[in-house]
Amino acid sequence: MLSFLSYIPLYFRLVGAGIRAQMQYRFAFIMRIVGMITAYAGTAVTMWVMLYEFKQLGQWNFYELLFLFAIAVVSWGFCIILFFHFRSLDTYIVNGTFDRFLVRPINPFFHFMAMKFDIGAAGQFIFSIFVFIWVSSVLDIHWQLANSIFLVFAIIGGVLIQGGLLVMISAIAFWTTKSERFYWVVMYPARNLTNYPLGIYPKVVQWFTAFVVPFGFVNYFPATVILKKDIPFFPDYIGYFTPLVGLVFFLIAYRLWMFGLNHYKSAGS
Amino acid sequence: MEYIRMYSTFTKKAFLRSAAYRFDVWSRLISNVIFLLMWGSIWMALYSGREEAEGVSLVVMLTYVAVSQFLNAVNGAGTPLWEIQEKVRTGDIAFELMKPFDVPLRYLFADFGSVSFYILTALIPLYTILFIFFDLELPTSWLVWLFFILSAFLGFLIRYCIELTFGLFTFWLIETGGIEDIFYFSVSLLSGSVIPLWFFPGWLQTIASYLPFQGIYFIPNAIFIEEIAGQEMFMSISIQLFWLIVCYLILRFLWNKATKKVIVQGG
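As they're listed, the protein sequences go chains E and G. Each residue of the first sequence is one higher than the last, beginning at 1 in the working numbering. Each residue of the second sequence is one higher than the last, beginning at 1001 in the working numbering.
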């Protein structure tokens, strides 16, 4: 096993190879980015149409809604880069190709994570940066050192929470040889839920997204801090816990994955 | 007759195949429930205290959401588009084209099988419970039921034609990401699947009324909640029929062009 620090240059080596491979298919790459921007812009247009008649959704206006959405999109962008391929761990296990991650002298979790580096996430970043600039000027958000640092840490927390859930979902594959399906059943709808302020959902759902699968910390709680909005049922400062929640949730996910790995029996040949 | 018997074999096979993948049914149902919860909550929050908006009460609006999610589940229960596209990419589509049946019809009839399995085993129980325990409104006359079922079926066919047409671009482009996303966005917004057309700004409503997408969700939904009633029902059904014919002809035209151009990758 290598020391922690020597993993960093290794990560960039592995990732660099991945990026070069993806750039071979330039047309596909551009189409994916265009597609993602279109999909997110589509959701934004839907929000706009929705609020055309009603003006407000649970005390949130269109621009605030857009800001909330953009935080979710940016942290999801990092998740796609780092962890999205975890959902298809089942395919690797069933095909027997997972074994190659076990025979090398590095941490298998790290190796599996560094295997893929999806630069298609550029679409998420273009969209969310555009929204941040636009919404900040409309809503008069003054970016100072304090709230900028908070936003960065909130995004890191959000990446760890969503990445943690992806890791947990993939760990299911060690026992059941299924994971991709669980992504589409659990995580995809959950991510859709968090595109809107959680305050509009029944109390049970709000509790669930705060304390069980902490998706509320991905965008809702941090956004209420930055936009200085009141939230029902929870203290106003709850958003500040985002980085901590992310760290703890991810560590649990990592432990679970390593625990599952001990249970893993190769599909064999 | 011979024809119908042949294609209905695909329906029967697909029905039986669905029965073998029970996990699939459960997982679809769970995500359907989550989306019901999401759109139900959103509309309750949008109304927040208002008696009605554009002459539509909250109860009627929530019924619209429920019917829309039901149709959404129905439309999503067939062979997913990517599965057909994957066959184009790998070249397996060539084997299907060689066989003595019409591929679009074959997939349509297979979809009838998997969709009816899903409706019978999952959707009818779920939505019966939903309509019993929540304050939602059912149509009062059997005529409305009849028109709703007819309209929903036409909507299903329109969606099938449009989706397959978009899928055909795989024959030329191989990577279709961007085009597909435009398709999914148009279907979800302009079809009125999540926001009824009467809440659109005027200009967008006009655009939507000249497009086929309204036939997929908006018309059947509006018939169910009796926003479209009486003579208007005939008019709306005719609009759907018109779009079905147009979409079918476009699909046929592109299908003939595309299959002449099969690129078998790595073949």
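Hint data in this document are derived by calculation from the structure and do not stem from the laboratory. There could be a bad hint or two in this list.
[Said to hold, decoys possible] Listed next, the in silico DSSO-like pairs over lysine-lysine satisfying Cα-Cα at most 30 Å (straight line):
| id | chain 1 | residue 1 | chain 2 | residue 2 |
| --- | --- | --- | --- | --- |
| 1 | G | 1012 | G | 1099 |
| 2 | G | 1260 | G | 1087 |
| 3 | G | 1087 | E | 178 |
| 4 | E | 265 | E | 116 |
| 5 | G | 1260 | G | 1099 |
| 6 | G | 1013 | E | 178 |
| 7 | E | 265 | E | 55 |
| 8 | G | 1099 | G | 1013 |
| 9 | E | 228 | E | 55 |
| 10 | E | 203 | E | 55 |
| 11 | G | 1260 | E | 178 |
| 12 | E | 116 | G | 1087 |
If you're wondering where the values come from, they're calculated on a predicted model, not measured in any experiment.
Against the structure, the hints:
no. : hint               : result
1   : G:1012 with G:1099 : 19 Å, holds
2   : G:1260 with G:1087 : 16 Å, holds
3   : G:1087 with E:178  : 23 Å, holds
4   : E:265 with E:116   : 23 Å, holds
5   : G:1260 with G:1099 : 15 Å, holds
6   : G:1013 with E:178  : 25 Å, holds
7   : E:265 with E:55    : 55 Å, violated
8   : G:1099 with G:1013 : 17 Å, holds
9   : E:228 with E:55    : 19 Å, holds
10  : E:203 with E:55    : 24 Å, holds
11  : G:1260 with E:178  : 39 Å, violated
12  : E:116 with G:1087  : 25 Å, holds
In summary, the structure is inconsistent with hints 7, 11 from the numbered list given earlier, while agreeing with the others.
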